[in-house]
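Participant: This is what each chain is made of:
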Amino acid sequence: PACGRPEVDLGQPSDWLWQEIRAEARRDSDAEPALASFLYSTILAHGSLERALAFHLANKLSSSTLLGTQLFTIIADSFSADPDLWDAVKADICAVKDRDAACTSYSHCLLYFKGFLACQAYRVSHRLWNQGRIYMALTIQSRVSETFHVDFHPAARIGKGVLFDHATGVVVGETAQIGNNVSILHHVTLGGSGTLAKVRHPIVHDGVLIGAGATLLGPIVIGEGAKIGACSVVLTDVPPHTTAVGNPARLMGGKTNPTQLK
Amino acid sequence: PACGRPEVDLGQPSDWLWQEIRAEARRDSDAEPALASFLYSTILAHGSLERALAFHLANKLSSSTLLGTQLFTIIADSFSADPDLWDAVKADICAVKDRDAACTSYSHCLLYFKGFLACQAYRVSHRLWNQGRIYMALTIQSRVSETFHVDFHPAARIGKGVLFDHATGVVVGETAQIGNNVSILHHVTLGGSGTLAKVRHPIVHDGVLIGAGATLLGPIVIGEGAKIGACSVVLTDVPPHTTAVGNPARLMGGKTNPTQLK
Amino acid sequence: PACGRPEVDLGQPSDWLWQEIRAEARRDSDAEPALASFLYSTILAHGSLERALAFHLANKLSSSTLLGTQLFTIIADSFSADPDLWDAVKADICAVKDRDAACTSYSHCLLYFKGFLACQAYRVSHRLWNQGRIYMALTIQSRVSETFHVDFHPAARIGKGVLFDHATGVVVGETAQIGNNVSILHHVTLGGSGTLAKVRHPIVHDGVLIGAGATLLGPIVIGEGAKIGACSVVLTDVPPHTTAVGNPARLMGGKTNPTQLK
Numbered sequence: 001p002a003c004g005r006p007e008v009d010l011g012q013p014s015d016w017l018w019q020e021i022r023a024e025a026r027r028d029s030d031a032e033p034a035l036a037s038f039l040y041s042t043i044l045a046h047g048s049l050e051r052a053l054a055f056h057l058a059n060k061l062s063s064s065t066l067l068g069t070q071l072f073t074i075i076a077d078s079f080s081a082d083p084d085l086w087d088a089v090k091a092d093i094c095a096v097k098d099r100d101a102a103c104t105s106y107s108h109c110l111l112y113f114k115g116f117l118a119c120q121a122y123r124v125s126h127r128l129w130n131q132g133r134i135y136m137a138l139t140i141q142s143r144v145s146e147t148f149h150v151d152f153h154p155a156a157r158i159g160k161g162v163l164f165d166h167a168t169g170v171v172v173g174e175t176a177q178i179g180n181n182v183s184i185l186h187h188v189t190l191g192g193s194g195t196l197a198k199v200r201h202p203i204v205h206d207g208v209l210i211g212a213g214a215t216l217l218g219p220i221v222i223g224e225g226a227k228i229g230a231c232s233v234v235l236t237d238v239p240p241h242t243t244a245v246g247n248p249a250r251l252m253g254g255k256t257n258p259t260q261l262k
Numbered sequence: 001p002a003c004g005r006p007e008v009d010l011g012q013p014s015d016w017l018w019q020e021i022r023a024e025a026r027r028d029s030d031a032e033p034a035l036a037s038f039l040y041s042t043i044l045a046h047g048s049l050e051r052a053l054a055f056h057l058a059n060k061l062s063s064s065t066l067l068g069t070q071l072f073t074i075i076a077d078s079f080s081a082d083p084d085l086w087d088a089v090k091a092d093i094c095a096v097k098d099r100d101a102a103c104t105s106y107s108h109c110l111l112y113f114k115g116f117l118a119c120q121a122y123r124v125s126h127r128l129w130n131q132g133r134i135y136m137a138l139t140i141q142s143r144v145s146e147t148f149h150v151d152f153h154p155a156a157r158i159g160k161g162v163l164f165d166h167a168t169g170v171v172v173g174e175t176a177q178i179g180n181n182v183s184i185l186h187h188v189t190l191g192g193s194g195t196l197a198k199v200r201h202p203i204v205h206d207g208v209l210i211g212a213g214a215t216l217l218g219p220i221v222i223g224e225g226a227k228i229g230a231c232s233v234v235l236t237d238v239p240p241h242t243t244a245v246g247n248p249a250r251l252m253g254g255k256t257n258p259t260q261l262k
Numbered sequence: 001p002a003c004g005r006p007e008v009d010l011g012q013p014s015d016w017l018w019q020e021i022r023a024e025a026r027r028d029s030d031a032e033p034a035l036a037s038f039l040y041s042t043i044l045a046h047g048s049l050e051r052a053l054a055f056h057l058a059n060k061l062s063s064s065t066l067l068g069t070q071l072f073t074i075i076a077d078s079f080s081a082d083p084d085l086w087d088a089v090k091a092d093i094c095a096v097k098d099r100d101a102a103c104t105s106y107s108h109c110l111l112y113f114k115g116f117l118a119c120q121a122y123r124v125s126h127r128l129w130n131q132g133r134i135y136m137a138l139t140i141q142s143r144v145s146e147t148f149h150v151d152f153h154p155a156a157r158i159g160k161g162v163l164f165d166h167a168t169g170v171v172v173g174e175t176a177q178i179g180n181n182v183s184i185l186h187h188v189t190l191g192g193s194g195t196l197a198k199v200r201h202p203i204v205h206d207g208v209l210i211g212a213g214a215t216l217l218g219p220i221v222i223g224e225g226a227k228i229g230a231c232s233v234v235l236t237d238v239p240p241h242t243t244a245v246g247n248p249a250r251l252m253g254g255k256t257n258p259t260q261l262k
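Chains as they are written, first to last, in my numbering: chain A, 1 to 262; chain B, 1 to 262; chain C, 1 to 262.
Certain hints may be false.
Covered, in the sense of this in silico footprint (three residues per stretch, anywhere, with C-beta under 8 Å from a C-beta of chain C), are these stretches of chain A [said to hold, decoys possible]:
#, segment
1, 24 to 36
2, 100 to 112
3, 140 to 153
None of these hints come from the bench; they were simulated from the model. Each residue gets a CB set at the ideal place from its N, CA and C atoms; glycine is no exception.
If we strip away everything but chain A, and leave its shape as in the complex, we get (with noise of 0.2 Å):
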């Protein structure tokens, strides 16, 4: 399967991921006992795993004047009705734990990484925006903006096994697209450029690494498996398997392609 897992069924209450995340929970409230009431009532109260998510983004993402226990319902919903959805959490989850050597466990991930509860409530956001939910969907947007500090457009679409790494800053605009398993660092953005097409934002595709600080703007295409450096400033297109340095940007080749700039 794409992380690296046995070849079980995912879809199920009782899945390997939620029994990992549960021994995992265990084993840290044995160790570390001020965090038993924590892990208990974030991921050992619960039945699954897409109650145990939906709790603990209800509870990140509630303030004085947006309930908690509502939010729980919207997110709960959509984890439950929209299998694809929570096939992207899934996904998620195993990249950061497979691609972050930081990661120490999947309960650490789940807990604990900014970049990915960002992104799982942008999934929310996204279903809810699709289905007309506009202002529901903004105010997802706008909470997780002030809590995990990264600012996903809810009609942005996002792929599965994704990884944002440290998270802090992050951009993504209303019409940007993202493929599947793709790193991306603190500090990116993918922007529009003052564009009025329909498309104003860039396009990445499956596999692409954005390091630190780069900002990518307009409705440019980055290849299948491209690279691109910290701190670059992205305004034309990144043939795939291609790496892109410097600001502004220039291409340097890569292993499986030497596309150079001319």
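We have chain A already, so just place chains B and C on it with the hints.
Facilitator: Frame of chain A; chains B and C shown alone:
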């Protein structure tokens, strides 16, 4: 008028902007009952836009040790006592609605744009600073940095109709000046350069656009209508209507003024 | 002493720094009654600086599922049990007061500087990490990232008298090392470069200054007293007392060492 609305008396409690925002809140309440309580308590329960915004900011900036009721009084008093400050607030709402393609309504800006909210809290802190209430001004600066991830020094000077888009990570130093109708993206720094001179931060004139991640350092002057590219590092003056891009920034000329680096 | 104060025993509960901070709190309470309750509960009610800072950090880092009282105990115990850690806290307060022109008093730093607060919470997490309390250390890292927008890995090593100015978006990776009297601006990354070596993040020696937005990647060494310009991308060693600027960074020499790129 500056923001393209009919020429009406903006100073009245019954002004068109407040009526428009109330109409939006009623419409969004009807469409999304889960938000009705939030929209009622934050907008519809109040007799004026001044009090609605003061209530919302006080809720956001309060903490377990800083009472929202005290903040509400300080913010509402600043709005009602200082017509010039209040004109700037209204011009900022219009600027966001007019210049940010992702802004769907005035209430969307009022409730959800952290750059807008941070700027209005700054305006209150700037007034307190000028009144000699230094410590309260610094308290608000700190809470704004924690809540909205924007660090506006209370002594900085910011004009009217200013748009802070996305806003995460913006830093505006103590002696910086920002003119009217300026647009500033996220991660922008108007910082010091170590000089001990009285003015040690940039002066940004009317109508300037500063792209994401641009860093402007020292007592430099950015001329009216200039454009600063994303991630540029600007250490020297930029003439009016001129574009500066790169690290370090080079001048590129502009549509109405061909100034270029020799 | 390191931070320019009279040579007194900093280890006593009655040390000059604590007395100075209490005097500031009384002065600011008198001048701004709206803050008296906050200043009393956060500073004046406590018998020592250790307990005041532990109380303030616990308030900031607590959440609906993580009790402030538990955090207070963990943080206060770390401060009182580890004199070396506590010396570093005091050196950091002095560093902010001495080196940040915008810092008006010791209590201003203590209460309001999120770079300072994030660093002290990191110091506690680092101690827990070294004691094998990995999950509690990661819990604090996560809450610091959410609350102060700074991501310090608990295993990173940070010296004394360090200033994190503005602080939003700072990322310090797992094997990074920061010496004494280093100054780091906002949006700075000490990140990995994909190597699988044991040390995969930068080593920054004493007295280094790193400008806003600079990104340092990989197991590189930044020599004592070096200066890294804003938004520089540094992928190679920088000799002592040398300035590096640009993307990618080039060496510019320095006042006391003319090392330059050939």
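Participant: Against the structure shown, which of the earlier numbered hints fail to hold, in ascending order?
Facilitator: none
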